[in-house]
Amino acid sequence: MSTLSLTSAFTLLLKRDLTLAYRRRAELVNPLLFFVLVTAMFPLGIGNDPILIQKVGPGVVWVAALLAALLSLDAMFRSDYEDGSLEQFMLSAHPVSILVLAKVLAHWMVTGLPLFIAAPLLAMMLNIPNQAIPTLMLTLVLGTPVLSLIGSVGVALTVGLRRGGVILSLLVLPLFVPVLIFATDAVNTAAVGIPTTAQISILGAMLVGSIVLAPAATAASLRISLS
Amino acid sequence: MNVFMRWFHKMGSPKYFYEVSGKMIPWFMWTFIITLVYGLYQGMIVSPPDYQQGESVRIMYIHVPAAWMSMFIYVVMAVSGLISLVWRIKMTEIFVISSATVGASFTFLALATGSLWGKPMWGTWWVWDARLTSELILLFLYLGIIALHSAIEDKRVAARAISILALVGVVNIPIIHYSVEWWNTLHQTSSVTMTGKKAMSTSMLIPLLVMSVSFKLYYGAVVLMRARAELLERDRNTRWVEEVVQEDTK
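Here the protein sequences line up with chains F and P, keeping their order. One rule links them: number in our numbering = place in the first sequence (from 1) + 14. One rule links them: number in our numbering = place in the second sequence (from 1) + 309.
So here's chain P without its partners, still in its complex pose (with noise of 0.2 Å):
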C-alpha cells in the first residue's frame, strides 16, 4: 500500500480525521485570510473599472468564484456521495452533508450578487435567464438536500439517501454549464477559457483567480469544522468522544 492510500485508510478513522482535521483549518483559515485580503486589495483598488460596466465590475470578484464554488461542491458532493455509497466509508458520509450547507450558502451568494450587479447593468434584478434559472435550480435542490437530511431521524440513512440525491441531481451542473451555449439570452457568455482567445485583462484576472482560490480554502476551513461537528454528535456515545471531551474540559 503506498503513503496516499495508508494516509485515506487513515483518514477513515474518526478520531484520526478529528485530530489531523483539527491541525488543518488553521493553515486553510490563514491562507484563506491571506489570499481573500489579496484579492480583494487587487480587485477593489488596483484593477481598472470596466470600460463598460465602470466600477461595478468589481462585483464580479466575489460573484463569479462563489458561482464557480456552487458547481465545485456540488460535485465534492456528488464524489463523496458516490463513495459513501460505495464503500460505505463513514467520513464520505458526513462531507456530503457538511458540503450541502455551505454550497447552498455560496450558491444564494452568487444569486444575491448577480442580481445586484444586473440592476444597474440590465436594469432589472431578475430576469428568467437560463444560467441564472439554473443556478436558482441548483440552490433549490441544495435545499432539497438539507431538507431530507433533516427528515430522516437515523442520520446514516439520511446520509445514504442525499447522497443518491445527490447522484441524481449531479445531472443539473452539465445543464448549468452548457446553458450558455443551448439558450442564447442576456447572459455573459464564458470569458475565462483554458484555450481560444483571452477575453479578460490580466489586471482583471488575477483577483478573480485569487479569490477563486480564496473562497476553496474557506471551503476547505468551514466543511472541515462542520465534519467535526457533525462526527463529534454522531459518535456522542462511543469513547473516542468522551475522550476528546474530557480533554477540552480539563
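Pulled out of the complex, with its shape left as it was, chain F reads as follows (with noise of 0.2 Å):
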C-alpha cells in the first residue's frame, strides 16, 4: 500500500507531465504555431478590410484556439497509453479522476496557455478594440481549461483506437460549441463598450461544472478504453 498523500500524488503526476513536455521544447511551440497561423491565414482568406477583420477577429481568435486545443488533445494520453503508464494509474490507490484532473492541467498548461499570452498580439493584429483584449483574454483564462476537460472525455474515449483522431474532433467540437458561443460574444460585447458580467459568469460556471464533472467522466472512460 502507498503511503503517498492524494495531494503529493497530484503535484507529482503533474510536475511529471510538466518535465516530460518541457524535455520536448520543440512539440511545445506546435499549438502555438498553429494558433498564430490559423489566424494569419483569416485575414488571407476574407481579405485585408480593416473593418471586416475588426468584426470577425474575436470569432476567428477563438476558432484557432478551439482548433490548437483539439490538435493537442490527442497527446494527452496517447504516449502514457503507449509505455502502459496509463495502466499503472488505473491500479494506483488514488481516485483515478484526481489523477486525470493532473493530467488535465499540466495538459492545459502547456497548450492553454501560451495561447492566452499569445492572444494580446494577435488581438492586435486583428484589429480587435483595446477595450475588448482584457475581456479576450479572460474568456481564454477561463474558457480554455473547459476545452481540454471536455476534451479529456473524448480523448479517454478514443485513446485505444488506431484512428482516433478523426473521430476525436466528432465528438468534441460540438461539446465545445457553448463555450466558443459565450467566449465571442463577451469579446463583441466588450468591444462596443457594453459591460460583460453575463458571459463571463457563464463561462466560469462551464469551467466549474466541468472541473467538477468531466474528470469522473474521463476516468470512466479510461477504464472502459483499457479494459
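Hint data in this document are derived by calculation from the structure and do not stem from the laboratory. Take the hints with a grain of salt, since some may be wrong.
Only pairs whose alpha carbons sit at most 20 Å apart, straight line, appear in this in silico SDA-like list of lysine to any residue [stated by the list, open to error]:
#	chain 1	residue 1	chain 2	residue 2
1	P	LYS464	F	ARG177
2	P	LYS464	F	ILE181
3	P	LYS464	F	LEU240
4	P	LYS464	F	LEU175
5	F	LYS69	P	VAL436
6	P	LYS464	F	ARG237
7	F	LYS29	F	HIS108
8	P	LYS399	F	ARG237
9	P	LYS464	F	SER241
10	P	LYS399	P	TYR325
11	P	LYS525	P	VAL346
12	P	LYS399	F	SER241
13	F	LYS29	F	ILE112
14	P	LYS464	F	ARG176
15	F	LYS69	P	TRP437
16	F	LYS69	P	ASP438
Work from the hints to combine the two standalone chains into their complex.
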C-alpha cells in the first residue's frame, strides 16, 4: 500500500507531465504556431478590409484556439497509453479522477496557457479594440481549461483506437460550441463598451461545472478504453 | 418482486426479449400506420391554412413532431446508457445504439423540413438561429455516437463508450430547450405549453399531437427491429440464436 498522500500524488503527476513536456521543447511550440498560423490565414482568406477583420476578429481568435486545443488533445493520454503508465494510474490507490485532473492541468499549462499569452498580439493584428483585449484574455483563461476538460473525455474514449484523431474531433467539437458562443459574444460585447458580466459568469460556471464533472467521466472512459 | 419488476428482469434475457419484441412490433406498426393516416388526413386536409403562413404551415405537422422526437430519443438513449453503465444490462446497451440511428434520422428530418419551411417564410433555407444551430449540433452528437460505436471493434466496450458519450451530450438537451428563451432570434417561440394561454387553435393542435404519437409508435417499432437485429448479430454464437435461425429456415 502506498503511503503517498493524494496531494503529493497530484503534484508529482503534474511535475512529471510538465517535465516530460519540457524535455520535448520543439513540440511545445507547435500548438502556439498553429494558433498563430490559422489566425493569419483568415485575413488572407477574407480580404484586408480592416473593418471586416475587426468584426470577425474575436470569432477568428476563438476558432483558432478551438482548433489548436483540438490538435493538441490527442497527445494528452497517447504516450502514457503506449508505454503502459496509464494502466498503472488505473491501479493506483488514489481516485483516478483526481489523477486525470492533474494530467489535464498539465496539458492545459502546456497548450492552453501559451495561447493566452499570444492572444493580445493576435488581437492587435486583427484590429480588436483595446478595451476588448482584457475580456478576450479573460475568456481564454476561463474557456480554454473547459476545452481541455471536455476534450479529455473524448480523448479517453478514443485513446485505444487506431484512427482516433478524426473521431475525436467529431466527438468534442459539438461539445465546444457553448464555450465558443459565450466567449465570442463576450468579446464582441466588450468591443462596443457594454459590460460582459453575464457571459463571463456563464463561462465561469462552465469551468466550475466541467472541473467537477469531466474528470469523473474521463476516468470512467479510461476504464472502458483500457478494459 | 412485483409484476413489473419481474417483467423487467425477464426482458433482460435476450431470448425472452427476442420473442416478446417479435410479438410487439406488429402492434406498434399497425397503430403507427393508423395514427399516421389519421394525423396526415387531419393535418393536410381538415385543418385550416394559417392566416399568416398559408398552406406551408402544414410542414409543421412533420417538423415539430420530428424535432420533439430528436430530443426525446436522445433522452431515452442517455437513460438507457445510464442503466447499462450502472447495472451492466445487456439489453439496454443494445437500445443505446439502436436508438442513435433512429434519433439521427429524426434530427435530419427536423432540419430538412425546417429549412423547407424557412424558404417561403423567412426567405432563406438556413439561418444561424440558436435553435437551428443546436438541432444541428444534436445531429453531430448523434453522428459522433454512431461513429464511435462503429470504430470500436468489441461491441460491448463500444456500447459502454457511447453510453458515456450520450450522458455527456445530454447536457446539450436543456441548451436546445432553453435556447429559445436565451437568445431571442428568428425562430418561433414554443406554441404548445401545458400552462399559459393557448397560442394554437384546436384544429391545428389535434393533428400535431396525433402525429407526435404516431412518430413515437414508429420509433417503438423501428427500435425494436434494430435491437433484434443487433441482438442476433451479437449473440450469433449462442445456442438460442441457433434455435431461432433453425426455426425460421424450417
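To see whether the hints hold, each was checked on the structure:
1. LYS464(P) <-> ARG177(F): holds, 17 Å
2. LYS464(P) <-> ILE181(F): holds, 17 Å
3. LYS464(P) <-> LEU240(F): It holds: about 14 Å lies between the C-alpha atoms, which stays within 20 Å.
4. LYS464(P) <-> LEU175(F): Given pair LYS464(P), LEU175(F) holds - Cα atoms ~13 Å apart, limit 20 Å.
5. LYS69(F) <-> VAL436(P): Roughly 19 Å between the alpha carbons, so the hint for LYS69(F) and VAL436(P) holds.
6. LYS464(P) <-> ARG237(F): Distance ~15 Å between LYS464(P) and ARG237(F) Cα, so the pair holds.
7. LYS29(F) <-> HIS108(F): holds, 17 Å
8. LYS399(P) <-> ARG237(F): holds, 18 Å
9. LYS464(P) <-> SER241(F): Given that 20 Å is the threshold and the Cα spacing comes to 12 Å, the pair holds.
10. LYS399(P) <-> TYR325(P): Holds: LYS399(P) and TYR325(P) sit about 13 Å apart, inside 20 Å.
11. LYS525(P) <-> VAL346(P): holds, 14 Å
12. LYS399(P) <-> SER241(F): Holds: LYS399(P) and SER241(F) sit about 17 Å apart, inside 20 Å.
13. LYS29(F) <-> ILE112(F): Since the Cα atoms of LYS29(F) and ILE112(F) sit roughly 15 Å apart, the hinted pair holds (cutoff 20 Å).
14. LYS464(P) <-> ARG176(F): holds, 16 Å
15. LYS69(F) <-> TRP437(P): holds, 17 Å
16. LYS69(F) <-> ASP438(P): Since the Cα atoms of LYS69(F) and ASP438(P) sit roughly 19 Å apart, the hinted pair holds (cutoff 20 Å).
Checked against the numbered hints given earlier, the structure satisfies every one of them.
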